[in-house]
Every structure is written in C-alpha cells, then in structure tokens.
Amino acid sequence: MFTWANFFSQVFNGLALGALLALISSGLTIIYGTLGVLNLAHGAMFMMGGYAGYVVYDATGSFTLAVAGGALFMLVVGVVMERIVIRHFYQRPHEDQLLVTFGISIVMVEVVRLIFTSLSKTVPPPPLLTGITSLGVTFYPTYRIAVVAIVAVALLVLYFILYRTKLGMIVRAGIEDSEMVDSLGIDVYRVFMIVFGIGSMAAGFAGIVNAPVVSLTPDIGEAILVQTFVVVVIGGVGSFPGAVLGGLIAGEIISITSMINPGYAYVMLFAAMTLVLVLRPYGLLGARGRE
Amino acid sequence: MPSPRRYLAELLTALGLLAAPFVLPHLGLAPNTANRILVWGLFGIGFDILFGYTGLLSFGQAAFYGTGGMVAAYLLTRAGFPSVWGALLIGMLSAAVVGWLVGLIALRRTGIYFAMITVAIGEVFYFVEFNPLADWTGGENGLPGVPTPSLYLGFTTLHFTSGWALYPFLAACYFVGIVLALRIVRSPVGAILSAIRENPLRATAVGHDIHSYKLTAFVIAAAYAGLAGGLLGILQAFMPPEAFIFDTSGQLVMQTAIGGPGTLFGPLLGAAVWLSLQDFLQGALGLGSAWKLVLGVVFVLLVCFLRHGLVGGIKDLWRLLFERKRAETEAPEEATPIRAAPDSMPARAREGDLQAGTILEAKGLTKRYGGLVANSNIAFTVKAGELRGIIGPNGAGKSTFFKMLTCEVPPSGGTIVFEGQDITGKGVTEVCQLGLTKSYQVNQLFTRLTVRQNLTIAALADLRGRFRLDLFRSLEKIPGLQERVQHTLGLVGLTARADTPVSVLAYGEKRRLEIGLALATSPSLLLLDEPLAGMSPRERVETVQLLKSIARGRTMIVIDHDMDSLFELVEWITVLQEGRVLTEGTPDQIKSDPAVREAYLGGVHA
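Chains as they are written, first to last, in my numbering: chain A, 1 to 291; chain B, 1001 to 1606.
Quick caveat, the hints were computed from the structure, so don't treat them as lab data.
Model, not experiment: these values are computed from the prediction.
Just so it is clear, CB atoms sit at the ideal spot from N, CA and C, and this is done for glycine as well.
Errors might be hidden in some of the hints.
Among chain B residues calculated to face chain A with C-beta under 7 Å, some are [to be verified]:
#1 1105
#2 1107
#3 1116
#4 1119
#5 1123
Computed from the model, here is a short list of chain B residues facing chain A with C-beta under 8 Å [to be verified]:
#6 1113
#7 1131
#8 1172
#9 1175
#10 1253
#11 1257
#12 1289
#13 1293
#14 1297
#15 1299
#16 1306
#17 1310
#18 1314
#19 1318
#20 1321
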C-alpha cells in the first residue's frame, strides 16, 4: 500500500544505499582508472572491512575504533595485495587480471568463513546514534541518517585527496595517461600501491560503516560487487563524479523499485544500465578511451 | 579422403569416453562425479569458444545454463512434454535465443566493460528466476521430478537412469558437442574468432564484420550452456535454482582457466580436477567447507604461474623435453630472399571495377581534432593503375589522410569517391570489401597465430565477404583459399616461414607480412603507410622490388620517408605540408622544386 511516509523512507533508504555505493564504486573506479586493473575482489574487501571492524569492536567495544581499525586494516590488505600479486599483472592481459582478482576474492570469502563461520555477526550502532529521528513526514533510524553523513564526509575526503593534493593530481593524470606520468620521472608503482590501498580502504570503510545496518555474512560482498559494476557502467569508468552520480541513481532505483516489488529491483537496475549503454556507451560522465 | 591424423582428437575422445567407466571406478571416482564432470565439460566447450578462442571473458554464463535447464525441466515436469530429447533441444534453443538478445547488449562494449555487464546480467536472471518467474520455475524450490531419457531400439529400450547407466547418454552428448566444436574452431568462422581475440582492429580492417562474429560466439556459448543446463536437471532428477547463481559462472571460469582456455578440452580437464578435488577434500580429508579455500588458493597460484592452464603447462613441458632435440637437428633457416614472382597476383575483379579513369577522388577533405587542423581542404585524384607516392615532413598529416581514405576516421568535411561510389562515412570493413585497404605504419598482426593463419584470415574476408555462418565448413573446402595464401606467401617471401608463429619473426619479416595481410584481401587500391620504415638497406631494396611486382594490375599509394626508394618506385608524387597539398609532380620535378626543399629544410637555402 502506498503512503507518503513509506515513500519518503524509501527515498531516504535509496540515499543511504546510494551514498554507500558511491563510496565503494569510487574506490573501484580510481583503482581501475589508475592501474588499469578491474578488481573483482572489491566486494570481498567491503565484506572483509566489516569483519575487521567487528573484531575491533568485539575487543574494544568502541564503534569509532572499529571504523578506524576496519579501514586501516583494509588499507594494509590493499597495499600488500598490490605489492605481492597485482604488480605482476600490469603487463598481462586484462583477462588474467580478472581471473586473479576473482580467485583472491574467493580466498578472502573462504578465509572469513573459516574463521567466523557462515553465521551472521552484528555490530550495534554507537549509543549516540541509536533510536529513531523524526524527519517530519516519517520516522527514520538515526544511524541510517548518520551513515549518509559519514559517507558524505568520506567522499569529501576522497575528493580532497584526488583534487587538492599532489598525489591526487598524479592519480588523475595517471587515469588519463599513466605512461606519460611514468616518463615524467614519477615512480608510478609507488603511486599504484597507494591508490590500490586507498581504493581498498574506501571499500573496507564502507563495509564497517554499513555493518550496523545489515548483519555480516561472508557473502555480503557479492551483491555489492554486482551493484558496484552497474554503478561504474552507468557513471563511466575512471570517473569519480560518475561513481557518485551512478551510486545515487542506482541506490534510488533499488530502493524505490523495492517498495513496489523487491523482485524487480535488479531488473530495473539492469534496464537503467542498458539504457545508458545505448544512449551514452561510455557512461554518463565517462570519457572515450578509458577502457 | 579423411586421414586418421586429422580426426585424432575425435578418435581419442571417443576412446577416452568408452574407457572411462572401466578405468575410473578403480581410481575411486564415483559415477555421479564422472557424470557431473561431463556436464561441466560440455558447458565449458561453449564457454571456451567464447573466452579461449574469441577472447571474451563472460562472468554471466549461469544465465544461459539456468535458462536452458529451466525450460527443459519445465516442459518435462509441468507441461507434460513427452520427449526428453525434444525438451533438451528446446531448452538449448531457448538459451541460444536468450543469448542472442543478451549478446546484443553485452557486446556493445569490450574488455572489462563486457565482463562487468555479463556479471550484472547474470544477477538479473537469478533474481528474475527467483521472483517474477517463481510460478514457472518453482522459485527457491526448483523443479523436482525431471525424468531421465530412454532410447527405443526396436527390439529393446535403453533406460538411462542414474550413475553409470546415465553415463552413456551424457558421454554421447559430450561427444557430439566436442565433434561439433572441433568443426567450428577449424572452420573459417573459427579462424576469424581467433583473429578477433588477437587483434580486433585488424580483423575489422581486413574486412570482417567482427560484431556479428562475436555475437555468433556468444550464441554458441549460450547454446552449449543451455544444453548442459538441461542435462543437469536430468542428472539430478531435479532442476536446482542454484544453477543461476554467480558461483556457477565463477566455477565455470575457474575450471576453464585451470584446464587451459583455447583448447576445448581444458574445461573438461578443469572440471575433473575441480570436482574430484572437491570430493577428495570434503570426503577423504574431511575438510568440510574449507575445500573451497584450498581450491581458491590453487586457482590463484595457477593463474600466477601457469598462464595457459594445465593443458598449456603440459604442452610447454612437452616442448621443453622433446622439441629442443628436434630444433637441434633441424637445419638453421636461411632468411629467404624475395623472389620477384612471375605472376604478381592481380586484384580480384569486383563489380564496379574500373579499367581506366579515376579510381579515387577526394574533394575538400578536412580533419580537425579540436582546434588542431590535421588536414585542410585536400583535393586528391588517383587514376586506375597508377603508382602514387606521398611525401611530406613529419606532422604534415599523411597518416591522418590515409586514415580518412580507408574510413578509419570520419572526415570533418569533404567527400571521398572510390570507383565512382561515395564512400564518405562508410566503415573500414565495408570499404575493404569494396577493394580499398591499407598496410599499417605500425604492424597490426595476429601475433600468436602463424604466418599462414594470418594470411588465411585476410584472404577469407575477400573470399567469403564480411559475414557468413559457414560454421561447419572446413577451411580446405573454400575454393581459391589455399592458392591465394600460398601465392601471397611467395610474393612476400615468407613461404619457408609459413608455419612459424608471428611472435618469433624478425622485424623485416613482420613488415613484409603486414603488406601481405593487405595484399591477401586482393585490393584494387592498396595504400601503404611507410612500408620501408625501420628496414635495413638490403631489406629496403628487396621490399621495393616486392612493391614493384605487386603494383602490376592494381593501383597503389605509398607514403614513405625514404626519398630515394620512393622516387625509384613511383611515377607521380603528392607533397603534403601542414595538412595541405603543397605540390604534385614527377619525381624529377619534385626533386628540383625549391618549395619542397624549403618545406623539408625550413627555408635554409644552399
């Protein structure tokens, strides 16, 4: 049954999901844009970030520490993964890169399953952000409002790093032409390592921030990965603003369709992706040649 | 007359399938595992044509596996369809049709975009199967009660029930599947699919409609997946909804990569390794759910260190052990000098060919890249049978001019008329089919294929047209193909290197093959973009001889910086400077033209 209160809370759900997808997709898209590697383990990193935060929360009882711990852990995982595996795949075909990151995602999921079993784990929201808040037309869980705010801040930080720092300038230049950056005497491999770390951290951060909203299972990364792909196709590969825009669009499509019939959420998402592919093959904010 | 060696793969497969029920039980393999390996192997044949041969890595094959399986199972369980064979066939055809529709969308993009889109499409099918279509598919319960097939032989009826009794039926399906797939990869279509994997740009430029061929590979893969899905329902007497999940697509990709893509048998080997390891780890070692972790680690290590899977690894080992000896005994190959071929292979006669008069006319041709004007208002006319040279300092716009003539890039303004037909705005494939093609400044070859395969691919475009579905035709049965390839090999002096992979050719040989690729399409107008670039002085002399011999009977336009060679070769020269035609004339006129000197030397007069 349609009510305005229901509609508004779904719109808000869409905003929360969209913000989250925007953050995860930004991580994926800057990694792809800079390194030329599509990381199929990105969903698994989202999942792992959640679990890392869960471990910290279990030990300290502090949600803030859990967020910091989860994000930093994924930064380290990303850097190590780039250094040990990904680096050896820059000169190999795209297909090999897909295969190896896909394999790594399975290893990650199964390691988590081995340690934590398939039973779901929960991280409660911090005490300050529990309960519900009135939004005028409807009441809404306070923590979900906080998620939008937290993710917005994270996106701003990412924006600042990308557009206002020297590293960001190198990364953006690398997205356009990494060979040229290399020949300018900049150690691209160091930059690649940092970018992979930051991208992984974005996924991990989203994972722990999202943990109080859903319960953690080793398989939560898979659905997120698929949604992230749709976001990137809609927004355009290698485009940070595209990831944000695509994320919000995808979030709203999923939420609003779910209100009418959850079974059609993916169908609508896919229809939107097809429409973009037909009308703007390189994504809403993408540029030709970035693939 | 079919030679036994040609059908070796088919023969060995038949023997292997016949022997399996007698050998495998002694190795501790359960009949059900053997049957599952066959279903995955069959699923993988189609996927290997898509991934291993065409180079398209799809993570959404579960969609077609599930579709074929669900359609067949629905017909047999709920619709009361009497024939198992018929249901399997309809399931397979439905998967193929769905594959065609999905392919139209997914193939709009290549590379990682393609991979991402197939992942998304796979998920959509999963959700559609679970929710909107739950009334037909049984939702999360699947469709139980799928019957097994039987075969009435006149005097008795064979019932393929389960275990080893079902095995002959699945083995027969696999055998038919592999025989057809072997035919496909040996057909002209198969050759073109590997060309697409190696170099889609050149496959397009020699005149193949690669989009249609990719779609063909996609539909073939979907059809195999659909049949395998139907067999899954029969094998389990139940069509599981899990056939649609992402893990199914993932497992297929991993099994194929483990076994070795591009071999057709790789997926079967990969499935055998995967499923028997799973049984072993879960059963004998009691690892429970950790088996997948072990397989994941094995897979990552395999991708890192064994690039072409187990089959590739075995091949490499074989080469290491046996081929070194052979190489030592073989006489070192002399570089074959180019013999001026007596018959220079004139261009094939096409409808609309001109014997005399203007073959190419460009008017007002302009190309702007943003603010940069690469070509400005070029007027250019070439007579049929002419041998024209184009020179100009670096940055004069020569290569851009060529790209517009071959329709690789659309002009910003102006028209191009070839043999009286306006070709402005046509595609490079279409123009090549009309008889206008180019050899590239930077080699565009099919690197992992042999010299002969390279030329075959180019010749096929001319002999078969831009697209044809002769999936089961043997390459040898195409009239004129062997002669064309052999002749081109002779012309470019690569006969002795015919079966050498391009990756090990010397640079000069690659340059000659580059010309050979253009030549094999039998163009009536051949453009050559710096054919002499990077060659040694001796190679230059030889190549000029080659160009002279192929110029008989066709029109050619040559760009080069080697003035001495060019002046010797061509009759008439056009000089480009800063995107405009500076002057035209005979080599002698050009040599003594002060304006040309100024263009090259920047106004420094002697």
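Under 8 Å is the threshold here; is the Cβ of residue 1310 of chain B close enough to any Cβ of chain A for the hint to stand?
Constraint on residue 1310 of chain B not satisfied, violated at 14 Å.
Was the hint right that residue 1175 of chain B lines chain A, CB cutoff 8 Å?
29 Å, violated
Double-check residue 1107 of chain B for me: the hint is only fine if its C-beta lies closer than 7 Å to a C-beta in chain A.
10 Å, violated
Let's test the interface hint: is any C-beta of chain A closer than 7 Å to that of residue 1105 of chain B?
Holds. Min distance 5 Å.
Proposed interface contact between residue 1253 of chain B and chain A, which counts if any beta carbon pair is under 8 Å
7 Å, holds
Regarding the hint that residue 1123 of chain B lies at the interface with chain A, is the smallest CB-CB distance below 7 Å?
5 Å, holds
So, residue 1299 of chain B near chain A? Judge it on the closest CB pair being under 8 Å.
4 Å, holds
Grab the minimum C-beta distance from residue 1318 of chain B to chain A and call the hint holds if it beats 8 Å, violated otherwise.
23 Å, violated
Under 7 Å is the threshold here; is the Cβ of residue 1116 of chain B close enough to any Cβ of chain A for the hint to stand?
4 Å, holds
Taking the closest Cβ pair, is residue 1113 of chain B under 8 Å from chain A?
Because about 6 Å separates residue 1113 of chain B from the closest Cβ in chain A, which is inside the 8 Å limit, the hint holds.
Do the numbers back the hint for residue 1172 of chain B, that is, is its least Cβ distance to chain A under 8 Å?
32 Å, violated
Status of the residue 1257 of chain B interface restraint (C-beta, 8 Å, chain A):
5 Å, holds
Violated hints, in rising order: 2, 8, 9, 16, 17, 18, 19, 20; the structure is consistent with all others.
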